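Trainee: On the provided structure of chain A, position chains B and C with the ligands as indicated by the hints.
Chains as they are written, first to last, in the working numbering: chain A, 1 to 115; chain B, 1 to 546; chain C, 1 to 321.
Hints may be right or wrong, so weigh each one.
Said to hold, decoys possible - Simulated crosslink set (DSBU-like; lysine-lysine; CA at most 30 angstroms straight-line):
no.: 1; chain 1: A; residue 1: 35; chain 2: C; residue 2: 304
no.: 2; chain 1: C; residue 1: 67; chain 2: A; residue 2: 52
no.: 3; chain 1: C; residue 1: 122; chain 2: B; residue 2: 206
no.: 4; chain 1: C; residue 1: 280; chain 2: A; residue 2: 52
no.: 5; chain 1: A; residue 1: 35; chain 2: C; residue 2: 42
no.: 6; chain 1: C; residue 1: 122; chain 2: A; residue 2: 61
no.: 7; chain 1: B; residue 1: 390; chain 2: B; residue 2: 408
no.: 8; chain 1: B; residue 1: 84; chain 2: C; residue 2: 304
no.: 9; chain 1: C; residue 1: 250; chain 2: A; residue 2: 61
no.: 10; chain 1: B; residue 1: 499; chain 2: C; residue 2: 280
no.: 11; chain 1: C; residue 1: 67; chain 2: C; residue 2: 122
no.: 12; chain 1: C; residue 1: 234; chain 2: A; residue 2: 35
no.: 13; chain 1: A; residue 1: 62; chain 2: C; residue 2: 234
no.: 14; chain 1: C; residue 1: 119; chain 2: C; residue 2: 51
no.: 15; chain 1: B; residue 1: 206; chain 2: C; residue 2: 42
no.: 16; chain 1: C; residue 1: 36; chain 2: C; residue 2: 119
no.: 17; chain 1: C; residue 1: 67; chain 2: C; residue 2: 79
no.: 18; chain 1: C; residue 1: 44; chain 2: B; residue 2: 206
no.: 19; chain 1: C; residue 1: 284; chain 2: A; residue 2: 62
no.: 20; chain 1: C; residue 1: 42; chain 2: C; residue 2: 64
no.: 21; chain 1: A; residue 1: 61; chain 2: C; residue 2: 67
no.: 22; chain 1: C; residue 1: 67; chain 2: A; residue 2: 35
no.: 23; chain 1: A; residue 1: 61; chain 2: C; residue 2: 284
no.: 24; chain 1: C; residue 1: 44; chain 2: A; residue 2: 35
no.: 25; chain 1: C; residue 1: 67; chain 2: A; residue 2: 62
no.: 26; chain 1: A; residue 1: 32; chain 2: C; residue 2: 36
no.: 27; chain 1: A; residue 1: 32; chain 2: C; residue 2: 42
no.: 28; chain 1: A; residue 1: 35; chain 2: A; residue 2: 52
no.: 29; chain 1: C; residue 1: 122; chain 2: A; residue 2: 32
no.: 30; chain 1: C; residue 1: 304; chain 2: C; residue 2: 234
no.: 31; chain 1: C; residue 1: 250; chain 2: A; residue 2: 52
no.: 32; chain 1: C; residue 1: 119; chain 2: C; residue 2: 44
no.: 33; chain 1: C; residue 1: 92; chain 2: C; residue 2: 36
Stated by the list, open to error - Covered stretches of chain B (in silico footprint by chain C; criterion: 3 or more residues with CB under 8 angstroms from a CB of chain C, positions within the stretch not fixed):
no.: 34; segment: 124-136
no.: 35; segment: 513-526
Derived from the structure by calculation, the hints contain no laboratory data. None of the values given here were measured: they were computed from a predicted structure. Backbone N, C-alpha and C define an ideal beta-carbon position, used for all residues, glycine too.
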Amino acid sequence: MSLQVIDNATCTFCGCVCDDIQLHYDETRIHKANKACVLGTAWFLNHTVEHKYPDALIDGKKASLDDAIELAATLLHEADMPLVYGMSNTTCEAQKECAALADQLGGLLDSHTSL
Amino acid sequence: MIRITGGRVYDPANGINGEVRDLCMDGGSFVESVEGGRTIDATGMIVFPGGVDVHTHVAGGAINFARAMTPEDHRRTQAFIRTKTRRSGLGGMAPTTFATGYLYAGMGWTTVNEAAVPVLSARHTHEELADIPIVDKTTLTLMANNEIMLDQLENGEYERAKQVVAWYIWAAKSYGIKAVNPGGVAAWKWGKDAKQLTSPIEGYSKLTPGTIVTQLAQICEDLGLPHPIHLHCNNLGAPGNISTTIDTLKHLEGRRAHIAHCQYHAYGGDDWDTMCSETAQLADYFNAHPGITTDAGAVLFGDTVTITADGPWQHLLYKLTGRKWGNLDVENETSCGIVPYTYRPSNLVNAVQWASGLELLLLIQDPWQVFLSTDHPNGGCFWRYPEIIKLLMCADFRQECLKQLPDKIKGKIRLAEIDREYTLYEIATSMSAGPARALGMPKKGNLGIGSDADVVIYEEDEDVERMFGHPRYVLKGGEVVIEDGEIRETPEGREFLIKPACDPGIDDFMRPLFEECYTMSFENYPVELERIEHAEFADCLGSTRS
Amino acid sequence: MGGKVSCTLGEVKQRADFIVYWGGNPAECHPRHFTKYTLMQKSKFLPRGRKDRTMVLVDIRETKSAKASDIFLQVRPGKDFELITILRALIKDQNVSDEAIADTGLTREVLDDLVQRMKSAKFGCMFFGMGLSMTRGKHMNSAALLTLAAEMNAFTKFVAMPMRGHGNVTGADVMMRWQTGYPFGITFNRGYPRYNPGEFSTVDVLVRGDCDAAFIIGADPGGTMPQPAIDHLKRIPTIVLDPHVTHTSKLARVHITTAPQGIAAPGTAYRMDEVPLPLKPPLKSPYPTDEYVVRRINEAIMAKPFWLPDGSQPQMLTAQV
Ligand code: SF4
Ligand SMILES: [Zn+2]
Numbered sequence: 001m002s003l004q005v006i007d008n009a010t011c012t013f014c015g016c017v018c019d020d021i022q023l024h025y026d027e028t029r030i031h032k033a034n035k036a037c038v039l040g041t042a043w044f045l046n047h048t049v050e051h052k053y054p055d056a057l058i059d060g061k062k063a064s065l066d067d068a069i070e071l072a073a074t075l076l077h078e079a080d081m082p083l084v085y086g087m088s089n090t091t092c093e094a095q096k097e098c099a100a101l102a103d104q105l106g107g108l109l110d111s112h113t114s115l
Numbered sequence: 001m002i003r004i005t006g007g008r009v010y011d012p013a014n015g016i017n018g019e020v021r022d023l024c025m026d027g028g029s030f031v032e033s034v035e036g037g038r039t040i041d042a043t044g045m046i047v048f049p050g051g052v053d054v055h056t057h058v059a060g061g062a063i064n065f066a067r068a069m070t071p072e073d074h075r076r077t078q079a080f081i082r083t084k085t086r087r088s089g090l091g092g093m094a095p096t097t098f099a100t101g102y103l104y105a106g107m108g109w110t111t112v113n114e115a116a117v118p119v120l121s122a123r124h125t126h127e128e129l130a131d132i133p134i135v136d137k138t139t140l141t142l143m144a145n146n147e148i149m150l151d152q153l154e155n156g157e158y159e160r161a162k163q164v165v166a167w168y169i170w171a172a173k174s175y176g177i178k179a180v181n182p183g184g185v186a187a188w189k190w191g192k193d194a195k196q197l198t199s200p201i202e203g204y205s206k207l208t209p210g211t212i213v214t215q216l217a218q219i220c221e222d223l224g225l226p227h228p229i230h231l232h233c234n235n236l237g238a239p240g241n242i243s244t245t246i247d248t249l250k251h252l253e254g255r256r257a258h259i260a261h262c263q264y265h266a267y268g269g270d271d272w273d274t275m276c277s278e279t280a281q282l283a284d285y286f287n288a289h290p291g292i293t294t295d296a297g298a299v300l301f302g303d304t305v306t307i308t309a310d311g312p313w314q315h316l317l318y319k320l321t322g323r324k325w326g327n328l329d330v331e332n333e334t335s336c337g338i339v340p341y342t343y344r345p346s347n348l349v350n351a352v353q354w355a356s357g358l359e360l361l362l363l364i365q366d367p368w369q370v371f372l373s374t375d376h377p378n379g380g381c382f383w384r385y386p387e388i389i390k391l392l393m394c395a396d397f398r399q400e401c402l403k404q405l406p407d408k409i410k411g412k413i414r415l416a417e418i419d420r421e422y423t424l425y426e427i428a429t430s431m432s433a434g435p436a437r438a439l440g441m442p443k444k445g446n447l448g449i450g451s452d453a454d455v456v457i458y459e460e461d462e463d464v465e466r467m468f469g470h471p472r473y474v475l476k477g478g479e480v481v482i483e484d485g486e487i488r489e490t491p492e493g494r495e496f497l498i499k500p501a502c503d504p505g506i507d508d509f510m511r512p513l514f515e516e517c518y519t520m521s522f523e524n525y526p527v528e529l530e531r532i533e534h535a536e537f538a539d540c541l542g543s544t545r546s
Numbered sequence: 001m002g003g004k005v006s007c008t009l010g011e012v013k014q015r016a017d018f019i020v021y022w023g024g025n026p027a028e029c030h031p032r033h034f035t036k037y038t039l040m041q042k043s044k045f046l047p048r049g050r051k052d053r054t055m056v057l058v059d060i061r062e063t064k065s066a067k068a069s070d071i072f073l074q075v076r077p078g079k080d081f082e083l084i085t086i087l088r089a090l091i092k093d094q095n096v097s098d099e100a101i102a103d104t105g106l107t108r109e110v111l112d113d114l115v116q117r118m119k120s121a122k123f124g125c126m127f128f129g130m131g132l133s134m135t136r137g138k139h140m141n142s143a144a145l146l147t148l149a150a151e152m153n154a155f156t157k158f159v160a161m162p163m164r165g166h167g168n169v170t171g172a173d174v175m176m177r178w179q180t181g182y183p184f185g186i187t188f189n190r191g192y193p194r195y196n197p198g199e200f201s202t203v204d205v206l207v208r209g210d211c212d213a214a215f216i217i218g219a220d221p222g223g224t225m226p227q228p229a230i231d232h233l234k235r236i237p238t239i240v241l242d243p244h245v246t247h248t249s250k251l252a253r254v255h256i257t258t259a260p261q262g263i264a265a266p267g268t269a270y271r272m273d274e275v276p277l278p279l280k281p282p283l284k285s286p287y288p289t290d291e292y293v294v295r296r297i298n299e300a301i302m303a304k305p306f307w308l309p310d311g312s313q314p315q316m317l318t319a320q321v
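For reference, chain A alone in the conformation it holds in the complex (with noise of 0.2 angstroms):
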């Protein structure tokens, strides 16, 4: 099967943000990242679209998404001061989730810049 090509990809690795990459890709993975340095071409090649991880984990045991989802929702809403962290390799779509998470529990909210 030939591989798919998307032009002016943009690369997410570091603060660069390069949005010229030529990606070229088939169902499973990206088998080429023309324009991309080291970083990136390692960035976008690791990846698969293979079920590697389980979707969930709770007390490192396997569980469902939905499950996952509702113990986290209990655990954050018990708390007295959550603390909601990172968001360095994520969308700004799900930042956004993120600072309204923060707003709804009245936690703390916080970036790698602090570090």
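Mentor: Okay, now just chains B and C with the ligands, sitting in the frame of chain A:
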């Protein structure tokens, strides 16, 4: 379905001046009548169309930069507490997005025009606008220093320049264009400024600021933009700039235009010591040219943070005040500067600025031509508009305030001699009907059948500032959003866009120039329509959208 | 005095003839920075590209980036703030003692030459990296450098910007500013945003044991933070969202696998100069996106009673101290 009964209605667009009338609304618009639903008894109250801010800075890179630069202000400011359904926020000099919506709606404003969006910052601006609840929004794309467009004008390629402008408006998903300090910002990127309208701009051989003004105004007309060119003249804030301003207006040669924050462009004198108000000259020009509109850009004493897309002016302020300074140059488009600033009555320059804004509002006779604004946050924060209304409606109060100014102000301003007082009808024109018409939004700023049911209801109060600062009810799109000083609902606002006719070949023309100037891929540049929350298309004049 | 004077990378590409990297190693950490934005690009104003530009590297050690530079200044570790202060004095022709200069590990000759070059540049740009912002006196160092750039505008055009690492950390910063007024280190514990980096930043909070649950997304503190912070994460219920099972996942009560951004999750990411770019994921992941999972958690919490009972708090506060 809501019916408002018994209120004294001020609807200047429909010539209604304080008549007692009922208003009915359903599905977000005014209708002839409704059966059932809630009735608001407004007997003895005053009913206005929701306010429209023709020129403000509430979203995007610049104001967000200002938020970062003023953490000490956030600490002492108004805080909006989180509720089960409503996000928290902070007011102050550069309010957070959620608080911006609460504060505007809280004083009865329901439509705002974000007046300066650098194209590269458009995607970011729309993301912020989506987080400003309640109010409807429009944006203007910054254009007068865009190098790709300027190169077309330099080469006499008017048609091409027009296509480039149309392409940018649609790519940025905006409502029109703003021209800031034509040619001056491009020069500033080299630490220079464009002072003379008729001398070529640094880096160009023929192109002058004057040509940019004339041609951009023509482009706006030819594209049929609902809002004409929104012009921030050269030499903002500088003593003696009145000649530049009048000269700029003459370059319009009879074309429609909106002149931004005219207060900053109406000074006489040769330096800071001799600076004085020349508002009479500017007002005369407006009085003789009904086709141009303006907003005051009034200054209020107190703390604020100034942000404009006028880098040279900001650097001047920084040198004058020695305060913190932020500057942000955006590739191929504009630069913007940010300086926290305190306007003081004891400072002669500030006193002239304060008086000039009010003078223009009072000396320009037709309130359909001059609108309430502070160029938020530059002259003062938008949530202080009720203070300006009081100054316009109460001559005695103005005289009282004049007493705080230093003696040396004599001969520099005219305000003491003006006894005009705005009527409620004129206030409704200047805060709502006028700006809506200037923006080309027929469904805003009026209470006619079919228009958007945006209404503000005041309880009559001798203290005008309190009355306008604390409306009894505010309705947005037929929904009660503010009642008795409490936020009831926080619906999402809409964004108005236009799609000017554009030659499909322009993409191929733009691509190589774009990739040479910018650092992002041409394909990734246009803001996707799906990103605009509740996009609403406005029609271009004299054309039908395909 | 002071402030922040910045620009987008396109301005640097088009105009900057003088580029300083301070405390960063772009050659290895931001590999395309030189080629795409700073050194190698030709433009209308700098037609000869690299030949029209001067690059200075300031760092405590000679990294690979030094090879790309025209001038390498090896500053003594922990002396960045002093060096910036000296430069601020030198540009204004103020006196600086020989001892003060020697203390930074550099010579007067070198610094005079640098100042002369800075002033004669047409457009200068200073990028500062982790080496400056994450070492002793971190916030003071970056503030001082921003001030130096602002002050240079008395002579010529000068700007400064941080070299952000780590994917979309800039996006988080930008979004938190518009939603809360602050870039990071925020608490909502009174129902509205408050900020105090030393107090509410994560390492401090964890080391003091101040939080009683943690939601970690797009980061792996279990692999990078000091041990006492990690110990606290083990003690409290920790929830992790990540495309991989990370160090932190292993000590967490809940781990949820999500789709990696830009590869299988769509959305937006901000470049270090705060320009947002759309993501174009080629793959379809078997896992949901972060956005979807956090929204579901938000909805689940929304269904539970709110922590502030209705009417127990005013809607607004006017004066805060
Ligand atoms: S391609 Fe390289 S330089 Fe560009 S964003 Fe990815 S990791 Fe950074
Ligand atoms: Zn403005």
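Trainee: Tell me, which hint numbers fail for this structure?
Mentor: Hints 1, 2, 6, 12, 21, 25, 29, 33 are the ones this structure does not satisfy, whereas the remaining hints hold.
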